[in-house]
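K.L.:
Here are the chains, one letter per residue:
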Amino acid sequence: KNEVEQSPQNLTAQEGEFITINCSYSVGISALHWLQQHPGGGIVSLFMLSSGKKKHGRLIATINIQEKHSSLHITASHPRDSAVYICAVRSSGNSGGSNYKLTFGKGTLLTVNP
Amino acid sequence: NAGVTQTPKFQVLKTGQSMTLQCAQDMNHEYMSWYRQDPGMGLRLIHYSVGAGITDQGEVPNGYNVSRSTTEDFPLRLLSAAPSQTSVYFCASSYSGFHNSPLHFGNGTRLTVT
Chain U
1 KNEVEQSPQN LTAQEGEFIT INCSYSVGIS ALHWLQQHPG GGIVSLFMLS
51 SGKKKHGRLI ATINIQEKHS SLHITASHPR DSAVYICAVR SSGNSGGSNY
101 KLTFGKGTLL TVNP
Chain G
115 NAGVTQTPKF QVLKTGQSMT LQCAQDMNHE YMSWYRQDPG MGLRLIHYSV
165 GAGITDQGEV PNGYNVSRST TEDFPLRLLS AAPSQTSVYF CASSYSGFHN
215 SPLHFGNGTR LTVT
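In order, the protein sequences belong to chains U and G. Position 50 (the first sequence) corresponds to 50 in my numbering; numbering is contiguous. Position 38 (the second sequence) corresponds to 152 in my numbering; numbering is contiguous.
I should point out that these hints are in silico values taken from the structure, not numbers from a laboratory. Errors might be hidden in some of the hints.
BS3-like, lysine-lysine: derived pairs with alpha carbons at most 27 angstroms apart [unchecked claim]:
#: 1; chain 1: G; residue 1: Lys123; chain 2: U; residue 2: Lys101
#: 2; chain 1: U; residue 1: Lys68; chain 2: U; residue 2: Lys101
#: 3; chain 1: U; residue 1: Lys106; chain 2: U; residue 2: Lys55
#: 4; chain 1: U; residue 1: Lys106; chain 2: G; residue 2: Lys123
#: 5; chain 1: U; residue 1: Lys54; chain 2: U; residue 2: Lys68
Start from the sequences, fold in the hints, and give me the full structure.
P.N.:
Spelled out as structure tokens, the structure:
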């Protein structure tokens, strides 16, 4: 079982809809990243958080450390939001080396139709 | 700032050939890493470095070598290419204060081994 599980795997929405993508993890973490990858494109960091909530434009990321769960929300979705959204966690393991390793979810493919 | 620069963007190799994927960053980041991305799987860490002269293995290091002679450069060497190494490769960097530093990714190298 992957340490990082994302849901849903695929999501299709109409322009303007509110989007939620979920990420659950099974290990203690020191940080969680949300990344965006457009088709055939590079990967961009959207958020990095270790507690609470962050907002950037129409994107909101929340994390509940006790429940080992994070959500990425997109308000007023737009076709340009169509991309793969990836959750990644940095474990809070005791080994110094493991502190630098990220474990990635398989991604959520979001398609926003006009 | 150019950010993280990866070359080449595309490469086709025959089984047994060797090659080097280049990665350079101009942000004075201590941490650099290589990932491979395969369909249906999350990004997987190949090797990483926390500073010049320091490298360590990730999740899938077999068949790959790295070195870090300068802060800026972190090349990935395929010693004897195999079809199983057909993948998209990403280089990423960040400040080593990982908790508060987002990852910066290169645009990727699409490698095909025939």
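K.L.:
Take a quick look at whether Lys54 of chain U and Lys68 of chain U sit within 27 angstroms of each other, Cα to Cα.
P.N.:
holds (17 angstroms)
K.L.:
With the threshold set at 27 angstroms, check whether the alpha-carbon distance from Lys123 of chain G to Lys101 of chain U stays at or below it.
P.N.:
holds (25 angstroms)
K.L.:
Hinted pair, alpha-carbon criterion (27 angstroms max): Lys68 of chain U, Lys101 of chain U. Please report holds or violated.
P.N.:
holds (18 angstroms)
K.L.:
With a cut-off of 27 angstroms on the C-alpha distance, tell me whether Lys106 of chain U and Lys123 of chain G pass.
P.N.:
holds (23 angstroms)
K.L.:
Taking 27 angstroms as the top limit, are the C-alpha atoms of Lys106 of chain U and Lys55 of chain U close enough?
P.N.:
Roughly 23 angstroms separates the two Cα atoms, so the pair holds.
Of the numbered hints given earlier, the model fails none.
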